[in-house]
Amino acid sequence: DVKVTQSSRYLVKRTGEKVFLECVQDMDHENMFWYRQDPGLGLRLIYFSYDVKMKEKGDIPEGYSVSREKKERFSLILESASTNQTSMYLCASKTALSSYNSPLHFGNGTRLTVT
Amino acid sequence: QKEVEQDPGPLSVPEGAIVSLNCTYSNSAFQYFMWYRQYSRKGPELLMYTYSSGNKEDGRFTAQVDKSSKYISLFIRDSQPSDSATYLCATTIIQGAQKLVFGQGTRLTINP
Numbered sequence: 056d057v058k059v060t061q062s063s064r065y066l067v068k069r070t071g072e073k074v075f076l077e078c079v080q081d082m083d084h085e086n087m088f089w090y091r092q093d094p095g096l097g098l099r100l101i102y103f104s105y106d107v108k109m110k111e112k113g114d115i116p117e118g119y120s121v122s123r124e125k126k127e128r129f130s131l132i133l134e135s136a137s138t139n140q141t142s143m144y145l146c147a148s149k150t151a152l153s154s155y156n157s158p159l160h161f162g163n164g165t166r167l168t169v170t
Numbered sequence: 489q490k491e492v493e494q495d496p497g498p499l500s501v502p503e504g505a506i507v508s509l510n511c512t513y514s515n516s517a518f519q520y521f522m523w524y525r526q527y528s529r530k531g532p533e534l535l536m537y538t539y540s541s542g543n544k545e546d547g548r549f550t551a552q553v554d555k556s557s558k559y560i561s562l563f564i565r566d567s568q569p570s571d572s573a574t575y576l577c578a579t580t581i582i583q584g585a586q587k588l589v590f591g592q593g594t595r596l597t598i599n600p
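Each protein sequence line maps, in turn, to chains S and Z.
Residues 56 to 170 (the working numbering) are what the first sequence spells out, left to right.
Residues 489 to 600 (the working numbering) are what the second sequence spells out, left to right.
Calculated directly from the structure, the hints in this document are not laboratory data.
Fair warning: this is a prediction, and the values are worked out from it, not measured in the lab.
Cβ atoms here follow ideal geometry from the backbone N, Cα and C, with glycine treated the same way.
Fair warning: there could be bad hints in the mix.
Quick list of in silico lysine-lysine cross-link-like pairs, BS3-like style, CA-CA up to 30 Å [what the hints assert, rightly or not]:
#, chain 1, residue 1, chain 2, residue 2
1, Z, K530, S, K110
2, Z, K587, S, K58
3, Z, K587, S, K110
4, S, K68, S, K58
5, Z, K587, S, K108
6, Z, K544, Z, K587
7, S, K126, Z, K530
8, Z, K587, Z, K558
9, Z, K490, S, K110
10, S, K126, S, K73
11, S, K112, Z, K558
12, S, K68, Z, K555
13, Z, K544, S, K112
14, S, K58, S, K73
15, Z, K544, S, K108
16, Z, K555, S, K125
17, Z, K587, S, K112
18, Z, K558, Z, K544
19, Z, K530, S, K125
20, S, K126, Z, K587
21, S, K108, S, K58
22, S, K73, Z, K544
Which chain S residues stay away from chain Z? Per the calculated CB distances, all over 12 Å, these [as the list claims (entries may be wrong)]:
#, residue
23, L96
24, R99
25, N163
So here's chain S without its partners, still in its complex pose (with noise of 0.2 Å):
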């Protein structure tokens, strides 16, 4: 079975705090996805990674970085934390064939209130 953990299950930080929050899986898939996810919005993509050193904007960036130095790794940055970045944070992982069945793999997310 595919794994993918995220390091923290709860993490509460100061308005203007460097945040990272990492994520590994164990399953060598190529790409890697950073989602929020808040009531009523649903899963909002912040950025994903197709490779090492590779990223892709998703559709909610700002505020945001990715680094990924290590196929398996994939840490999300939130450079200066602000309030209205408290959310549940979710990792997702992905094989990059196109099958017709190859789902998004995700972590069992990080709890992020910036206070």
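Use these hints to put chain Z onto chain S, whose structure you have.
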């Protein structure tokens, strides 16, 4: 207007009931449709995947797509308390595409 609209609920039904979860979408280019299930404190996991208009059945679950009206549904027969979760519809244009568009998710509770 969101590309995919889903009634967020919450929806609460008694055990054994038939559940209908629905999404509408605006972009006729969407070709592939998925339902993800998310249990409390867990990440979403793929439940069903369908391409063509019509029905696809998997046990107690049926996914239905009507491309003419841009409407997708998930039916759950003989609902069980273990079906209590948030259900998210998702769609994409290209098979295996990296970017999915998700609905808002519907929180479902099955009461014993």
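Hint check results:
no.: 1; hint: K530(Z) <-> K110(S); in the structure: 26 Å, holds
no.: 2; hint: K587(Z) <-> K58(S); in the structure: 20 Å, holds
no.: 3; hint: K587(Z) <-> K110(S); in the structure: 13 Å, holds
no.: 4; hint: K68(S) <-> K58(S); in the structure: 27 Å, holds
no.: 5; hint: K587(Z) <-> K108(S); in the structure: 19 Å, holds
no.: 6; hint: K544(Z) <-> K587(Z); in the structure: 23 Å, holds
no.: 7; hint: K126(S) <-> K530(Z); in the structure: 24 Å, holds
no.: 8; hint: K587(Z) <-> K558(Z); in the structure: 19 Å, holds
no.: 9; hint: K490(Z) <-> K110(S); in the structure: 25 Å, holds
no.: 10; hint: K126(S) <-> K73(S); in the structure: 23 Å, holds
no.: 11; hint: K112(S) <-> K558(Z); in the structure: 27 Å, holds
no.: 12; hint: K68(S) <-> K555(Z); in the structure: 45 Å, violated
no.: 13; hint: K544(Z) <-> K112(S); in the structure: 34 Å, violated
no.: 14; hint: K58(S) <-> K73(S); in the structure: 27 Å, holds
no.: 15; hint: K544(Z) <-> K108(S); in the structure: 39 Å, violated
no.: 16; hint: K555(Z) <-> K125(S); in the structure: 41 Å, violated
no.: 17; hint: K587(Z) <-> K112(S); in the structure: 11 Å, holds
no.: 18; hint: K558(Z) <-> K544(Z); in the structure: 16 Å, holds
no.: 19; hint: K530(Z) <-> K125(S); in the structure: 25 Å, holds
no.: 20; hint: K126(S) <-> K587(Z); in the structure: 19 Å, holds
no.: 21; hint: K108(S) <-> K58(S); in the structure: 21 Å, holds
no.: 22; hint: K73(S) <-> K544(Z); in the structure: 46 Å, violated
no.: 23; hint: L96; in the structure: 6 Å, violated
no.: 24; hint: R99; in the structure: 8 Å, violated
no.: 25; hint: N163; in the structure: 5 Å, violated
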